[in-house]
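**Q** Residue numbers for the sequence shown follow full-length UniProt numbering, beginning at 1 and rising by one.
Hints should not be assumed to be uniformly reliable.
[Unchecked claim] The calculated lysine-lysine pairs, modelled on DSSO-like cross-linking and capped at a C-alpha distance of 30 Å, are:
(1) K24 / K124
(2) K74 / K33
(3) K24 / K74
(4) K124 / K33
(5) K24 / K68
(6) K124 / K68
[Said to hold, decoys possible] Here are the computed distance ranges between Cβ atoms for each label pair:
(7) G130 / S93: 18 to 24 Å
(8) R122 / E6: 17 to 23 Å
(9) G130 / P47: 15 to 21 Å
(10) A14 / D70: 34 to 40 Å
(11) S50 / D70: 34 to 40 Å
(12) P116 / N66: 31 to 37 Å
Simulated from the structure, these hints should not be mistaken for laboratory data. Ideal placement from N, C-alpha and C gives every residue a C-beta, glycine not left out.
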Amino acid sequence: MTVAVETGLWQLDATASTVGIQHKTMWGLVNVKGTFGALGGTGEVRPDGSAVGTLTFEVASLDTGNAKRDTHLKGADFFDADHHPRITFAARSAELRDGDQVHVVGQLTVRGISRPLSLTARLKDSDASGLTLDTEFSVDRDQFGMGWNQLGMIRGRTTVTAILRFTRATA
């Protein structure tokens with residue numbers, strides 16, 4: 001069964017959306033998790049059913065539950081919030097395939113470095129008032145200039161999870 005999504009403009013409902021990151025540290029013994037508290041985004045579903053859009057996450061809003069770690073993550077060794085206050089994902093195309101699977105192709109920009117990113121999201125629900133997308137994917141932080149790795153403590157890829165609720169944009 002394929003779910004139809006109404007055409008038009010959509011706005012991210014930041015109060016009903018979450019974007020989190022997790023990464024194993026301390027040689028894989030500790031799983032650090034964090035969430036971005038300030039999110040924004042818009043999208044457009046075109047008459048042919050394809051979609052485009054942009055999401056932004058304010059780096060300063062990252063919270064891992066540890067103030068000292070958060071300060072380090074927001075600093076020059078990692079996200080460098082003073083020079084690059086936002087992470088942006090620009091979806092160049094999003095197509096509903098195989099029922100509730102949405103194939104998304106876009107560009108992720110972190111620390112001013114842009115890289116192509118393709119992912120699959122799941123359309124959890126859709127009606128005239130809103131739709132929810134759920135996704136999980138991983139990124140290589142080295143590709144975005146975040147190679148800090150004192151004593152080899154941080155290995156592997158960072159997992160990003162997102163539940164994104166969009167509602168009809170008001171004119």
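**Q** Now look at each hint and say whether the structure bears it out.
**A** Results of checking the hints against the structure:
1. Restraint check for K24 and K124: the C-alpha separation of about 28 Å stays at or below 30 Å, so the hint holds.
2. A distance of roughly 14 Å separates the Cα atoms of K74 and K33; the hinted pair therefore holds under the 30 Å criterion.
3. Only pairs whose Cα atoms come within 30 Å are accepted, and K24 paired with K74 is accepted, the gap being roughly 18 Å.
4. Distance restraint check for K124 and K33: the Cα-Cα separation of roughly 23 Å lies within the 30 Å cut-off, and the hinted pair is therefore satisfied.
5. Taken as a hint, the K24 and K68 pair is honoured in the structure, with Cα atoms around 17 Å apart against an allowance of 30 Å.
6. For the proposed pair K124 and K68, the alpha carbon gap of about 36 Å is over 30 Å, so the pair is violated.
7. Separation of G130 from S93 is about 21 Å and conforms to the stated range, judged on CB atoms against 18 to 24 Å.
8. A hinted range of 17 to 23 Å for the beta carbons of R122 and E6 is consistent with their spacing of about 18 Å.
9. The hinted range of 15 to 21 Å is satisfied by G130 and P47, whose Cβ atoms lie roughly 20 Å apart.
10. Checked against the given bound of 34 to 40 Å, the beta carbons of A14 and D70, roughly 19 Å apart, lie outside it.
11. Distance hint check: the CB atoms of S50 and D70 are about 38 Å apart, consistent with the given range 34 to 40 Å.
12. One distance hint, 31 to 37 Å for the beta-carbon pair P116 and N66, holds here, with the actual separation near 32 Å.
Checked against the numbered hints given earlier, this structure breaks hints 6 and 10; the rest are met.
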